[in-house]
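Undergrad: Now for the letters of each chain:
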Amino acid sequence: MDLELLIKDVLATDESPPAEGLSSDRRRSRAAILQWVGGKVARLCILLVAVSVGSFLLVEASPIDPVAAYVGAEVLNIGPDQRAQIEARWGLDDPAPTRFFRWAGQALRGNLGTSMIYNAPVAEVIRTRFAASLGLMALAWLLTGVFGFGLGIIAGSRPGSRVDRGVRWWVYTLASAPTFWIGLILLYVFAVSLQWAPVCCAGPIGADPSTVGFGDRLHHMLLPAITLAIVGVGSIALHTREQVVTFLHGDAAVFARAQGERGWGLVRHHLLRNAAVPALLLQFASLSELFGGAILAETVFSYPGLGQATAAAGIRGDVPLLLGIVLAATVFVYAGNLIGDVAHRVADPRVSLLPAARA
Amino acid sequence: MTAFAPLEALAGTARGRLGDRRTRTLATAAATVAVLLVILVAGTLLADRAAHTNLTARNLSPSLGHPFGTDRLGRDQLARTLAGLRLSLLIGALAASVSAGIALVLGAAAGALGRRVDAVVGWMVDLVMSIPHLVLLILLAFVLGGGMKAVVIGVAVTHWPSLTRVLRGEARRVAASDYVAVSRRLGRRGAWVGRHHLAPHLVPHFTVGLVLLFPHAILHESGLSFLGLGLSPHEPAIGILLADGMRYLSAGAWWLALLPGLALLLMVKTVDVLGQQLRNLTDPRTVQE
Chain Y
1 MDLELLIKDV LATDESPPAE GLSSDRRRSR AAILQWVGGK VARLCILLVA VSVGSFLLVE
61 ASPIDPVAAY VGAEVLNIGP DQRAQIEARW GLDDPAPTRF FRWAGQALRG NLGTSMIYNA
121 PVAEVIRTRF AASLGLMALA WLLTGVFGFG LGIIAGSRPG SRVDRGVRWW VYTLASAPTF
181 WIGLILLYVF AVSLQWAPVC CAGPIGADPS TVGFGDRLHH MLLPAITLAI VGVGSIALHT
241 REQVVTFLHG DAAVFARAQG ERGWGLVRHH LLRNAAVPAL LLQFASLSEL FGGAILAETV
301 FSYPGLGQAT AAAGIRGDVP LLLGIVLAAT VFVYAGNLIG DVAHRVADPR VSLLPAARA
Chain V
360 MTAFAPLEAL AGTARGRLGD RRTRTLATAA ATVAVLLVIL VAGTLLADRA AHTNLTARNL
420 SPSLGHPFGT DRLGRDQLAR TLAGLRLSLL IGALAASVSA GIALVLGAAA GALGRRVDAV
480 VGWMVDLVMS IPHLVLLILL AFVLGGGMKA VVIGVAVTHW PSLTRVLRGE ARRVAASDYV
540 AVSRRLGRRG AWVGRHHLAP HLVPHFTVGL VLLFPHAILH ESGLSFLGLG LSPHEPAIGI
600 LLADGMRYLS AGAWWLALLP GLALLLMVKT VDVLGQQLRN LTDPRTVQE
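Protein sequence lines, in the order shown, are assigned to chains Y and V. Just so we're aligned, residue 1 is where the first sequence starts under my numbering, counting upward by one. Just so we're aligned, residue 360 is where the second sequence starts under my numbering, counting upward by one.
These are calculated hints, taken from the structure and not from any lab test. Treat the hints with care, since some could be wrong.
[Claimed, not checked] What the simulated footprint calls covered on chain V by chain Y, stretch by stretch (three residues with Cβ under 8 angstroms from a Cβ of chain Y suffice, anywhere in the stretch; the number is not a length):
(1) 418 to 431
(2) 490 to 504
(3) 554 to 560
(4) 572 to 585
Cβ atoms here follow ideal geometry from the backbone N, Cα and C, with glycine treated the same way.
Start from the sequences, fold in the hints, and give me the full structure.
TA: As structure tokens, then:
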């Protein structure tokens with residue numbers, strides 16, 4: 001009887017349908033998973049359509065003349081005839097819906113147009129640049145997660161202590177610091193003065209990117225990654241701290257203490273795994289900020305990744321690349337949230353994948 | 360740096376003499392407002408000095424005459440920094456107000472006008488949140504062609520979702536409460552309910568949210584200017600100063616990058632402290648503290 005109540009209680013935490021929905025019929029559960037996946041994919045499609053229509057309308061409303069943006073300073077040398085030719089070649093005299101569907105149709109086939117500043121297909125620019133950024137962001141993500149979680153645990157285990165106040169002060173102060181300024185300080189101290197780290201780029205200057213070894217790559221991405229981590233630890237540290245404080249005041253901690261657990265053992269055996277799950281979820285949900293931070297950090301360290309390309313595309317008016325990056329960033333953030341969701345469901349037995357067919 | 364001395368001094372005396380926490384909260388809030396006013400006034404007064412070039416005093420490291428050093432055109436960095444902080448404050452205030460205004464309208468509408476409006480607003484929030492802020496900002500800055508207007512609009516359009524969520528939840532809670540139901544049964548119409556029941560609950564959240572949006576707005580403005588997509592390079596914005604500083608970093612001119620950024624950090628922190636104090640004052644759980 002008690003067990004049944006408990007099961008019902010656990011199920012209720014996920015606002016799931018009443019318990020009979022879970023009576024494990026395998027076919028039904030597979031259908032539920034499929035439905036869940038289908039729902040997520042459908043959501044992504046709707047999101048991408050909305051984002052592309054929105055950004056297309058924005059660019060459409062822009063007062064910027066695409067011909068002038070493309071040609072740059074030499075626009076003065078272009079006569080009306082040539083201009084008309086270029087506009088006809090680009091289809092600029094067609095109405096906006098026609099142009100949108102032309103672009104969207106090509107985009108569906110994987111052709112996002114040609115980036116004018118890199119003089120290469122947008123999809124290829126995004127692929128190569130994203131590969132470079134991915135390493136950087138993964139390193140920053142790991143550093144953020146490990147240090148943020150660690151700081152949160154340390155601060156939360158002794159709330160009100162000097163360490164706790166120190167960590168909170170540090171985190172709140174860093175929340176006010178511009179990412180690029182942190183980058184500049186690190187650049188000056190470690191690259192210019194101490195010369196421990198390279199000043200720029202993703203590999204030694206002049207070296208062929210394909211021959212740069214793993215160690216060299218790591219060496220080059222260390223400073224930008226640390227920059228991102230320093231700015232990023234705040235939310236996860238504070239969140240974890242709250243978790244620890246709540247736990248230490250709860251019944252579970254009282255019970256564990258009654259069993260003789262003390263100090264670090266209490267945290268390690270009873271809390272660590274519980275606190276790790278929401279922290280992981282939060283980490284995956286933070287990809288949006290990570291991407292934004294990477295734009296600034298890559299600019300400071302001249303790191304040839306997607307962030308630097310985003311800034312360049314904005315400054316030099318490379319519309320196809322900018323639209324491509326907006327879509328790529330949307331998919332990236334969505335994927336982060338999705339992975340976090342799945343990881344949460346896998347790691348936390350109270351939130352099962354199955355009854356969540358409501359997508 | 361001297362501009363921040365009053366805060367330290369006041370905080371020190373507050374701890375000694377002003378015993379109860381509410382007074383201390385009020386004193387801290389007043390001190391932060393005073394610091395921000397000093398920055399505004401100093402930035403306005405020093406505008407001429409910030410633009411004054413002196414080619415015989417180029418790239419000087421910090422000294423008594425130029426506490427923040429001088430840049431490549433011999434302009435006094437302290438004056439430029441203060442002028443930049445003033446610009447940041449103005450842009451931040453403008454953008455945060457517009458953003459909070461959008462959030463107030465959408466949040467109240469979503470909470471009070473029923474499910475359909477709520478779904479649309481929720482969808483808009485999700486849509487804006489699904490693109491990284493800075494990417495959307497870059498797109499908007501490009502579309503609007505840069506400059507002050509583009510920065511204000513861009514920052515305003517990207518920052519409303521989080522506050523909208525808060526206001527929406529609050530409005531929904533109030534709209535579903537018993538006393539609103541009673542009020543409606545007694546014949547009160549929408550506008551009356553909005554003014555007498557909804558507004559008193561939303562305004563505190565709105566004010567605090569506005570002040571807490573401020574730091575984000577300032578940081579994004581400076582980031583955008585740093586990337587070269589924000590204010591024009593002739594303006595003494597902090598982002599521009601730091602972008603200049605970056606170019607002279609390898610030549611050893613550390614003060615060009617360190618000091619303006621530090622000043623910005625301190626100012627943002629000051630605004631943030633103000634927001635925290637206001638939150639303490641408006642939250643019934645901490646209003647006595």
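Undergrad: If a hint holds in the structure, say so; if it doesn't, say that too.
TA: Now for the hints, and whether the structure bears them out:
1. Only residues whose beta carbon comes within less than 8 angstroms of a beta carbon in chain Y count, and the segment 418 to 431 of chain V has 0; fewer than three means the coverage is violated.
2. Three residues within the 8 angstroms Cβ limit are the bar, and the segment 490 to 504 of chain V against chain Y gives 14, so the coverage statement holds.
3. Counting residues of the segment 554 to 560 of chain V whose beta-carbon sits less than 8 angstroms from any beta-carbon of chain Y gives 0, not enough to reach three: the coverage restraint is violated.
4. Interface restraint, the segment 572 to 585 of chain V with chain Y: holds (5 residues with C-beta to C-beta distance below 8 angstroms; minimum three).
In summary, the structure is inconsistent with hints 1, 3 from the numbered list given earlier, while agreeing with the others.
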